[in-house]
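**Q** As a plain string of letters, each chain reads:
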Amino acid sequence: MQDIADTTNTPIDIFIVNNECLVWDEQDIFKIRTQLKLIGTLIGSLEDLKNLSTLNSIPFYLSPYEVRLGLDKGWFRIIDESKSYPIPTKESLNTFVSKRDDRIKQQIQQNSIERLKKQQEFQNEDKQKEQKEKKLKKLQLKKQKQEELNSNSSNNNISDKDKEEEQEEIKQDSNDNNNNKKQKTTHVEYINYNIPIYTSTREAIENEPESKEWRDQREKKVINSNEYYFPNNEVEKIKYKVFRDLYEKGYCLTSGLKFGGTFLAYKGDPFLYHAAYIVIIKQYDQEFQSLELIKSARLAVNVNKNILFASIDPTTNDAYYIIAEWKGVT
Amino acid sequence: MNQQEIINKKKRDSSNSNGDSNSNDNDIEEEDESSEFRKYFKRQDFLKKRFEKENTSKHDKDTDNDNNGNGDGDDSNDNDDDTQHHNQEKLSLINDQYRMILQNHKKSSSKNQISMAHWVEKEKKFNVTLRKGKYFESMGHQVGSNLYIFIEEALFLQDLGTLELYMNQVPLSIQEAFKLLEVCELPLYKYIAYSYLKKMGYHIIRYKSINENTTNKNNSNNSNAMSKYLDNFNFKLLNNNDPWYKSISTKTFNNSDSSNSNSNSNQNNDSIISRAYHPEIIEFNDIRIEKLKERNLNTTTVVYLDRHQYPQYSRPIIDNQTVGYSFDRIERFIRSNKNINDKYNIIDPSEKKEVNNNNNDNINPNKKYKKSIVYLPEEINSNSTFTSVARKLQIFNTQSLLKDTRYQSRSIHDQQYRIDYNIYKPGGGFKKSNPGPPDMRVTISRFEDPVPSLSVISRLTQESGNSIPIEFCTVNQKDVAFLQFKENLFV
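Protein sequence lines, in the order shown, are assigned to chains A and B.
So the first sequence is numbered by the UniProt record's numbering: it starts at 1 and just counts up by one.
So the second sequence is numbered by the UniProt record's numbering: it starts at 1 and just counts up by one.
None of these hints come from the bench; they were simulated from the model.
It is possible that some hints are incorrect.
Stated by the list, open to error - Computed cross-link-like contacts, DSS-like style, restricted to lysine-lysine with a CA-CA straight-line distance of at most 25 Å: (1) A:Lys220 x A:Lys73; (2) A:Lys99 x B:Lys106; (3) A:Lys220 x A:Lys31; (4) B:Lys431 x A:Lys50; (5) B:Lys111 x A:Lys118; (6) A:Lys90 x A:Lys105; (7) A:Lys295 x B:Lys39; (8) B:Lys486 x A:Lys50; (9) A:Lys50 x B:Lys39; (10) B:Lys132 x B:Lys425; (11) A:Lys249 x A:Lys73; (12) A:Lys267 x B:Lys111; (13) A:Lys258 x B:Lys199; (14) B:Lys199 x A:Lys31; (15) A:Lys241 x B:Lys111; (16) A:Lys105 x A:Lys118.
Work out the full structure: start from the sequences and follow the hints.
**A** And the structure:
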């Protein structure tokens, strides 16, 4: 809880798109997830597993409950960027393009150097292997020949010829090496480079400082916590109050769509624990039938959880909880 | 290192086989985020390296990790100091993994694989100016010589790092591109559902409304699919050549008195009021409550349905000559036996006419309902109506409940539920230019939204056509759930 106190001084910027709030900064997301214990979800794709839908990366998507809680606690500041994008001037565009070209040239050079190194290593390995194999073959041939010669009463001249052949071959090898080096130098201008796509605007500005001119020009409105739409009606208000109450009691909360509840409540970090409760929220005077009770409790016991019925007393504003624990049926 | 993995696998297997009830839990619980992390970092060898560096006792750690995977929440209650210590270490480890995943967001592609698209303000779309890779075989749409992509397609491809988006000749960051969702008025949850389906490999095309060309093609396909579907059952669909086909025809009645031009002689049938022609679902608005003063001056309240509010209904008309059996005989028989009349509450059609004439001047609902022709005996099946029985038999075309136009027109959340995308199953053979009828259609809503009413369901099914199912997709944060409603004819 001490960590949370530290963050109160500087609210984290969260960006609103169509009433939904997204966080784009790596450090901010880490802080929200690990210190504030707001679970949220990541919805961007991972660099090396782009087609995986289960594991994701930036941006970080906050539920309206989490946004409202963060606003009430003063952790967040909602920022509404303008929908119109400033048009960069011709000069700035030119400088941007030229700088980009420079960066690409640098990258090409670096790439080519690395490529050369790798090629050399690779070719050296190959060469060594080839040479070894050649030598082995020659040795075998020699042995065979010698055996044949031995059988056919030996002639010294032939063995001399063999030696000459060997020397020639070694010369050829050295020539090959020289040729390869020449070829490599011609390969340096092989053009391929990576074009980066930046996730957050801040990252884009850091990597391309020239773009700061127009990227910073976009209007940024700070939205007051009163103006945020959630909670909109009585039911949502009850839900939010329960959310806040459970959060302050130390539970981590996520969406309950998977198990037919409003929330899932975790006793600790969801990384370590499985959800303990499926939270179902009712109005304080709402009647419901025994069938619903059995349905939800039955479902909960199958996934090793308990049902937690929650509501807010409208007169005292206190939260009340009832646990339904399935004990079995005949 | 391989030995360790083998040991772990063995342990998992044994734990699964031991407790049958627990194995189910594991399957469900394995979907947690932390387990995804574990899979990911096992692949990356990140876990192992850390263990090697920091700890000498690797085996204990690994086993702990697996216990965590089995997820007995109760174990955490029996906290020893050791387990707490372990938990903290585990948490810090997982946090590090989380940070790694955050850092792994950078996207870049080589020059030869990256495409380019420029924003077109008028169309609110991106125009693809440089095409690379296979993605555009199933995405985007051609207008003249230009290839356009919608915002969700643009965001999806940008997220994969295969498309560079330009606005005012300057590349956009993903953050800037997301704001365009607001410009295009596409809610974020629809994009999430789109990208989920897309990552599962489905081909997705935005749904065009009925007025456009695609529907004509669909209709012809529908009838084919329908006949195929019926071949599997004992029902017989009559062909045009079949002599029976001419003898049985259906007549559709409108709720107003101006009936169809099919047969003038049967026009009077329109006024027949019976259970057979009650609307199958009665909405509160249809019910009239009137207080009637009778001759005795006792006021009685009568609950009745206004005839003019009836939906369209259909019933078969059987031509006596071709069938070779006179239905008059049956009628005569019924008339002669008054017991049957009373039992099944049948009235003479001639009587009915008079009733009808009287009603034109003064509406007397009381009379209407006491004397009605009921073709379906009350005791046979209290829930079925004439149309519902006919629909089950499927011998002749009848109106489906889901096709009822009146319910389609009434929608509380008209804007909320509409068909969003045509979806084609993954795999080859998909042509963007000629996709054919989709495998399913999808309508996307939020978890918080009200449940679709029957009227919404029927409107969308009607719009989609018979053979193409509609999936109701619900999105909560990143979780995406699918539901399909079917009218069950065989219960």
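**Q** Next step is simple, just say for each hint if it's right about the structure.
**A** Here is how each hint holds up against the structure:
1. A:Lys220 x A:Lys73: Judged against 25 Å, a Cα distance of about 22 Å means the pair holds.
2. A:Lys99 x B:Lys106: The given pair, whose Cα atoms are some 21 Å apart, holds under the 25 Å limit.
3. A:Lys220 x A:Lys31: It holds: about 23 Å lies between the C-alpha atoms, which stays within 25 Å.
4. B:Lys431 x A:Lys50: Cα-Cα ~24 Å, so holds.
5. B:Lys111 x A:Lys118: With Cα atoms ~21 Å apart, Lys111 of chain B and Lys118 of chain A stay inside 25 Å; holds.
6. A:Lys90 x A:Lys105: holds (22 Å)
7. A:Lys295 x B:Lys39: violated (33 Å)
8. B:Lys486 x A:Lys50: violated (35 Å)
9. A:Lys50 x B:Lys39: Holds, at roughly 16 Å.
10. B:Lys132 x B:Lys425: holds (23 Å)
11. A:Lys249 x A:Lys73: holds (15 Å)
12. A:Lys267 x B:Lys111: violated (48 Å)
13. A:Lys258 x B:Lys199: holds (20 Å)
14. B:Lys199 x A:Lys31: violated (29 Å)
15. A:Lys241 x B:Lys111: violated (52 Å)
16. A:Lys105 x A:Lys118: holds (20 Å)
Figure legend: structure checked against the earlier numbered hints; hints not met, in rising order: 7, 8, 12, 14 and 15.
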